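Asker: Taking the hints as your guide, dock the two standalone chains into a single complex.
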Amino acid sequence: MWSQITKLGVGFMLKKILLLILSISLLFSFNVKISAQEQLDIYAAAGLIKPMEEIIENYKNEFGIEINTQFNASGVLLNQINTVKKGDLYIAADKWYVNKLHEQGDLYSQYDVAKHTPVIIKNKNNDNIDEYSDLFLENIKLVVADESAAIGKVTKEIFERNNIEEDIKDNIIAKAETVNKVKMYILLNQADAGIVWKANYFENKKELDMIKIPENNNIIKKISIGILKYTDNEKEAKKFIEYIKSSKSIKIFEKHGYNTY
Amino acid sequence: MKHSIFKYIMISIFIIFAVFIVVVLISPTLYIKTSNLINLLINNQEITFSLILSLTTSLSAVFMATIFGVPVAYVLSRYDFKFKNIIDIILDIPLVLPPIILGLSLLVLLGPIGGNYLAKIGLNFVFTRLGIVMAQFVVCAPLLIRSLKIAFSSIDPKLEKAAMTLGDNHFQVFKNITIPLSKDGIITGVTTAWARAMGEFGATVMLAGATRFKTETLPIAVYLNMNTGNLEMAVTVSIVMIVFSILIMGILKIYNNNQKRGVTQWF
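Line by line, the protein sequences give chains F and U. Just so we're on the same page, this note's numbering is the position in the first sequence counted from 1, plus 125. Just so we're on the same page, this note's numbering is the position in the second sequence counted from 1, plus 424.
Hints are all accurate, no fakes.
Below, in silico cross-link-like pairs of lysine-lysine (PhoX-like), each with a Cα-Cα straight-line distance of 25 Å or less:
hint, chain 1, residue 1, chain 2, residue 2
1, F, K266, U, K544
2, F, K240, F, K225
3, F, K323, F, K175
4, F, K266, U, K638
5, F, K220, F, K363
6, F, K294, U, K638
7, F, K225, F, K370
8, U, K544, F, K249
9, F, K210, U, K457
10, U, K582, U, K506
11, F, K360, F, K225
12, F, K323, F, K266
13, U, K638, F, K281
Only some residues are given here: those of chain F computed to face chain U with a beta carbon under 7 Å:
hint, residue
14, V201
15, N204
16, S273
17, I298
18, N314
Counterexamples of contact, computed for chain U against chain F with all Cβ distances above 10 Å:
hint, residue
19, I439
20, T458
21, N468
22, F473
23, F492
24, L590
25, K599
26, K677
FYI, nobody ran anything at the bench for these hints, they're computed from the structure. A quick note: this is a predicted structure, and the numbers were derived from the prediction, not measured. Glycine is no exception: its CB is placed at the ideal position from the N, C-alpha and C atoms.
Same shape as in the complex, but just chain U (with noise of 0.2 Å):
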């Protein structure tokens, strides 16, 4: 008896809140007549431009963040030495904090502080799409470092330990055993990162401000259209941000579950 209640409570609230997720998600489409929908999406060039440019700087923050991340995953995952802890807990900050306080210190960083140096090697945040990619780079590089280091720390250390017994060095173990080992871990943290990314607003703002078809990113044309009573703009956007990260959540899964079938064929 004592053991289906548990049961029926758990799966209760189960359903009660995959329920509440999905109204949620689908409230948008509710809003809009599906042909209004279809024609601003296919004329509408204010959603292809901002479309393009969210692609364009997320993609662009990603690869950043992976050429910064697996490095400082790297050495977090491997090597100790003093103050790790405290290293540790300030490269993890940027992920708790609200995205437009990181968005303000970029903007008196790269503004005020830095920018007259920066503009002299001809690098320009303030108000520019370097800035989308940066402010979007601060926010996801954290995301990524987090989950390539559990993906390196996941690593038996001895089997890198036997391949250099048997003759590689440090950079053919990275390469020929740490990368292919922890590619799972790898491909879900891009994935995740690249999803934070394209989702980035608040620090986006800050940095780069909100102008329309500069720095208009999906998010922003959001923003700004909502500002501009624009509902049914804004409502097209959201629709098209939904669909795009149940894309990359359903690959994903589909991926993950393949792999997994993959692995117990080998063993």
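Isolated chain F, as found in the complex (with noise of 0.2 Å):
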């Protein structure tokens, strides 16, 4: 007899156990539905995500806002915003794609961060390049970004230019979906070079050897970020972009290894 009493009574408290857990997950829920007004959506180039990630972490501290970000290649998040048209900034490793946006109708403001310049990668254990005109020789082994990455896009940009695209296409063995996919295969010495930004080797400049592209054959280009029209919260996008442009930002950004305005 005790034992059916205490199987109602267990019977019982899982009840209470399990209405209490619902509950309380519910009041959860509400609560993100609550706060959706204070949150920020941005999409962020993937080659930005050590300065971007510190900066935003910073932000929320201060100001307490619930902030969702997307690192992908820029490309790939200018698809994605022109999809789904929802989010409140973009920043982009080429002002190119912000500019896209400009065009179509679709930016509220613009604001120019640092500059992106594109360099050569090695792995320290690998012998095989030591200047830019080694990129074309026979048998190296280069992996490039696609070209819905920024980095990717101005890579072809620089072969056309500099008239090798002919003769370095054999020597591309893959192409990578972002620049930290890039410097990742040289990380593990898949390939003889990689084309990344320099803030990008910056960050691992331990495990890697940089080879500038000589001036002339390079081509420079400038991070910019943008107030999408989407935006539902656009004095907290704003907030935002004055952030990132102050003094304290600026030095993150410097500290990562980029070259600021």
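Answerer: Given below as structure tokens:
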């Protein structure tokens, strides 16, 4: 008899616990909905992850705003923005992408944050290339980014401008989706060289060697941020842009190896 | 009364689920005009390239999976040995691991760790078509082994022992008794493994990369075209894969139904 009573008791207890868990989770989901206003959705180029994560973390701590960041190739983000038509801010590794939105009339305002310089990187244990012109030697294995990434696009532009696209085509063994992936393949020493932004080299200068692209062969790009017309929190977005202009944020960019304006 | 309410609920849930799956599979077709679809299918070189690449790599992968899978499944179903349970579990793990993790492991093993040695004997897996085959192999082989293990285990060992008393050696027993009796399981297993290899994405991207017109299988073609905002291309390739899957499953179903009918006639 006692066993039957305890079984009933346990049954009730379990039901109460379940109800409690359910109501708490409902409360939590409600909380998320209420503070939807106090939230920023940012699309950020994958290569900018180091400085952006730090700046966003500082902003969150200072102002208590929830920030969702999507890190991906600049071109992929642009397609996302055009498809979902949502979001507050877009920071691209090449002003070209932000300008595209401007041409479509989907931008409120824009600001140039820092400079981006393409460089060649190689693994410290790899001796197959020494300078820019070694890139088009035979049997050199090169990894570049796909054209949907800003670095991939500028790599293509550099090759075209210097008329070496045909020569170098056979050396490209793979195209990675983001600049971070290019760097990863070089860190794993799976290619003789890769082309990334100087700041990306800077993040791993212990394991990587950098080879400069000669000034008259190179193309410098501008990192640019814009407020999307789809934003439902323009005031907060403007505040974020002011924050990224501040000397505190500029110092963070410089700390990670960027040249600012 | 109770009986029919139960039946009603079961059938309703069945219909809801079936309709849901059908709608999901049909959705890509609603996003593209038939004329564009046909045009892309006939003229687009990227689709032709990825289709041929997918077919050649997946068939190679399944072939290799069969070469390894048959002995492995045979040993697992016929012999007992110490630690068999642990090995059984280990060989099943690739089935539950996310393919992207298998791909990462392969990348590290065949790249920085073993790449140089393998290159000396002419094997290059990173960023190559061979890498595609390897990635598909690692993903589909465990699936094939599991099906084969079940097929072999379902044969009465007495039949094999009887054949041996009548003079067959191990190999003859395997060739004349085991294989023919497990034919259905083998065919189903190989077909499912092939379908899995055709659809392999995560491990392939990791090991072979996602380079257009080089390591671009059908799933990777969808991925790359979505990345560049080329929705019509991505949808077209998706439709190709959906049609392929329907054909495979359809042929398998017809084959199995025929076999069942065949068996009833024998006995």
